[in-house]
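Asker: What follows is the residue order along each chain.
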Amino acid sequence: MDITNKKILVCDDSILARKQLMDAVNEIATGATFIEGKNGAEAVEFYKNENPDIVFMDIVMPEKDGTEALAEIREYDNEATIIIVSSVGTQEQLKKAIKLGAKDFIQKPFEKNQIKEIIESRLGGQ
Amino acid sequence: MFTQFLGNYLLRKGIVNQDQLFTAMSKLSQSHIKLGTIAISEGLMTANEVDECLYVQTRENKRFGEIAVERGYLTDDQVSVLLSHQTPDYMLLGQILVDDGIFSYEELERIIFDYKNDSELYDLSLDIENQDAVQTILSKFFLIAEMQVTEHNIMYLELMFNSLIRFIGEDFTPLSPMVVDEFPITFGVSQAILGDREFISHIDCDRETAIAFASRYAKEDFTEFNEYTVAALEDFLNLHNGLYIVNVSNDTSKDIALEPPVVTEDGVLCGAEKCIVFPVAYPFGTVHLITCF
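Sequences listed follow chains A and B, in order.
All residue numbers for the first sequence refer to the working numbering, where the first residue is 1 and numbers rise by one.
All residue numbers for the second sequence refer to the working numbering, where the first residue is 1001 and numbers rise by one.
Do not take every clue at face value.
Straight line, CA to CA, 16 Å or less: simulated EDC-like cross-link-like pairs of lysine to aspartate or glutamate [stated by the list, open to error]:
#  : chain 1 : residue 1 : chain 2 : residue 2
1  : B       : Lys1140   : B       : Asp1118
2  : A       : Lys112    : B       : Glu1182
3  : B       : Lys1034   : B       : Glu1066
4  : A       : Lys38     : B       : Glu1120
5  : A       : Lys7      : A       : Asp23
6  : A       : Lys64     : A       : Glu42
7  : B       : Lys1274   : B       : Glu1182
8  : B       : Lys1034   : B       : Glu1049
9  : A       : Lys112    : B       : Asp1051
10 : A       : Lys95     : B       : Glu1120
11 : B       : Lys1219   : A       : Asp23
12 : B       : Lys1219   : A       : Asp104
13 : A       : Lys7      : A       : Glu50
14 : B       : Lys1140   : B       : Glu1120
15 : A       : Lys19     : B       : Glu1259
16 : A       : Lys19     : B       : Asp1221
17 : A       : Lys19     : B       : Asp1118
18 : A       : Lys6      : A       : Glu120
19 : A       : Lys64     : B       : Glu1259
20 : A       : Lys96     : B       : Asp1255
21 : A       : Lys38     : B       : Glu1259
22 : A       : Lys116    : A       : Asp104
If we take Cβ atoms under 10 Å as the criterion, some of the chain B residues that face chain A in the derived model are [claimed, not checked]:
#  : residue
23 : Gly1014
24 : Arg1059
25 : Ala1218
26 : Glu1224
27 : Phe1225
28 : Thr1229
29 : Ala1231
30 : Asn1238
31 : Val1246
32 : Ile1256
33 : Ala1257
34 : Pro1261
These aren't lab readings, by the way, just hints derived from the structure by calculation.
These numbers were taken from a predicted model, which means no experiment stands behind them.
C-beta: ideal position from N, C-alpha, C; glycine also.
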């Protein structure tokens, strides 16, 4: 699958988690441009600067958590495609993320198939 | 998990030494036939259904059989039959030690009898689905450390052992826990759990052990201590604590949250009351899992 010209913002305070997610995308698609953020504040800043096609974002992060960043990005762009990837998969957290406009919620550890389905459905037809 | 508990017992009683136990443990994964594998060979489940149950198992603190029944793939009776086909994992460890010439079958029989008495498991079968037996043994860990045995303490420890089995490997032995006022940090990561039951969780080990631990977690071959190895330890702790709060919130609907993990390179770890240290010995080194209240 070719997703050249697609920008993917990966926001997680763990460098390993970012690498694993980017590796998962690269296994199923080629050509993506990645932007990496390590906290919620960077997620908001990079989103405004780079206007990515999709955002994968953790919740538990320093400075500004993923929930706050999600709300700010959606306020800036209510069409933003944001996927939450978190180890904190409580029902309450899930409802909160969906209410704030997250398009999907993946609980860590993610399966490569979950990333594949999202990339195909969100970027494949564009 | 009974294999790990039996390993602890064998070490504690001086029946085996660490080298003998690690050698036997390393052979265990090759000899282990999992319930899902038997279910496929019996034609009761498809490979996809087994994969699905194993995937759910990484997120929920449930037994394989329990998940398969919930999803309608197996009945309770079928799980019982499959379990009867499976050599209990702790017996497999015993058999490997017999094969290695550490003790005889006759001695193994006596060791298992003494082990069950020591663990107060008189009438409980030690199959992998037996939650009562797991909880009885886990309670003993807290009693050894003179800690209060609460439902949440047991849940946290059970999840910790399950997380180690699933994400690092089953070839570990929990050593005897200790209660301390403070713990001198070698290297580690800490994460605070916020809510009604606030506490600090911490993983501590030397750098060489951290590299091996991180390699297993990330399924990478790290050769040096760097930001990826540190991140792997943070991710493991974050994942384990995430599973814990999902389970607590499912049980109690209480509001509970995690702070981001932080790296601690030196100093002393202490809680408002006390810290409980659970040392876990892997062939590559000992990891200390600590909770401070």
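Asker: Would the hint on Ala1231(B) stand, with a C-beta cut-off of 10 Å toward chain A?
Answerer: Hint holds; Ala1231(B) Cβ to chain A Cβ min 4 Å, cut 10 Å.
Asker: So, Ala1218(B) near chain A? Judge it on the closest CB pair being under 10 Å.
Answerer: At about 6 Å, which falls below the 10 Å cut-off, the nearest Cβ of chain A leaves the hint on Ala1218(B) intact, so it holds.
Asker: Holds or violated: Lys38(A) and Glu1120(B), Cα atoms, limit 16 Å.
Answerer: 49 Å, violated
Asker: For a C-alpha distance cap of 16 Å, please report whether Lys19(A) and Glu1259(B) respect it.
Answerer: The hint is violated at about 22 Å.
Asker: Below or equal to 16 Å on CA atoms is what counts here, so check Lys95(A) against Glu1120(B).
Answerer: Distance ~43 Å between Lys95(A) and Glu1120(B) Cα, so the pair is violated.
Asker: CA of Lys6(A) to CA of Glu120(A), is that 16 Å or under?
Answerer: 12 Å, holds
Asker: For Lys116(A) and Asp104(A), compute the direct alpha-carbon distance and say whether it is at most 16 Å.
Answerer: This hinted pair holds, its Cα atoms lying about 13 Å apart.
Asker: Tell me if Glu1224(B) is really an interface residue toward chain A, meaning its C-beta lies closer than 10 Å to one of theirs.
Answerer: 14 Å, violated
Asker: So if I understand the rule, the pair passes when the alpha-carbon distance is 16 Å or less; does Lys1274(B) with Glu1182(B) pass?
Answerer: Answer holds: Lys1274(B) to Glu1182(B) is near 7 Å, not above 16 Å.
Asker: Against chain A, run the beta carbon of Arg1059(B) and see if the smallest gap drops under 10 Å.
Answerer: Holds: closest Cβ of chain A sits about 6 Å from Arg1059(B), inside 10 Å.
Asker: At a threshold of 10 Å, is the proposed contact between Asn1238(B) and chain A supported by beta-carbon distances?
Answerer: Holds - the Cβ of Asn1238(B) comes within 10 Å of chain A, reaching about 5 Å at its closest.
Asker: With a cut-off of 10 Å, does the beta carbon of Phe1225(B) approach a beta carbon of chain A closely enough for the hint to hold?
Answerer: 14 Å, violated
Of the numbered hints listed earlier, those contradicted by the structure are 2, 4, 10, 12, 15, 17, 23, 26 and 27.
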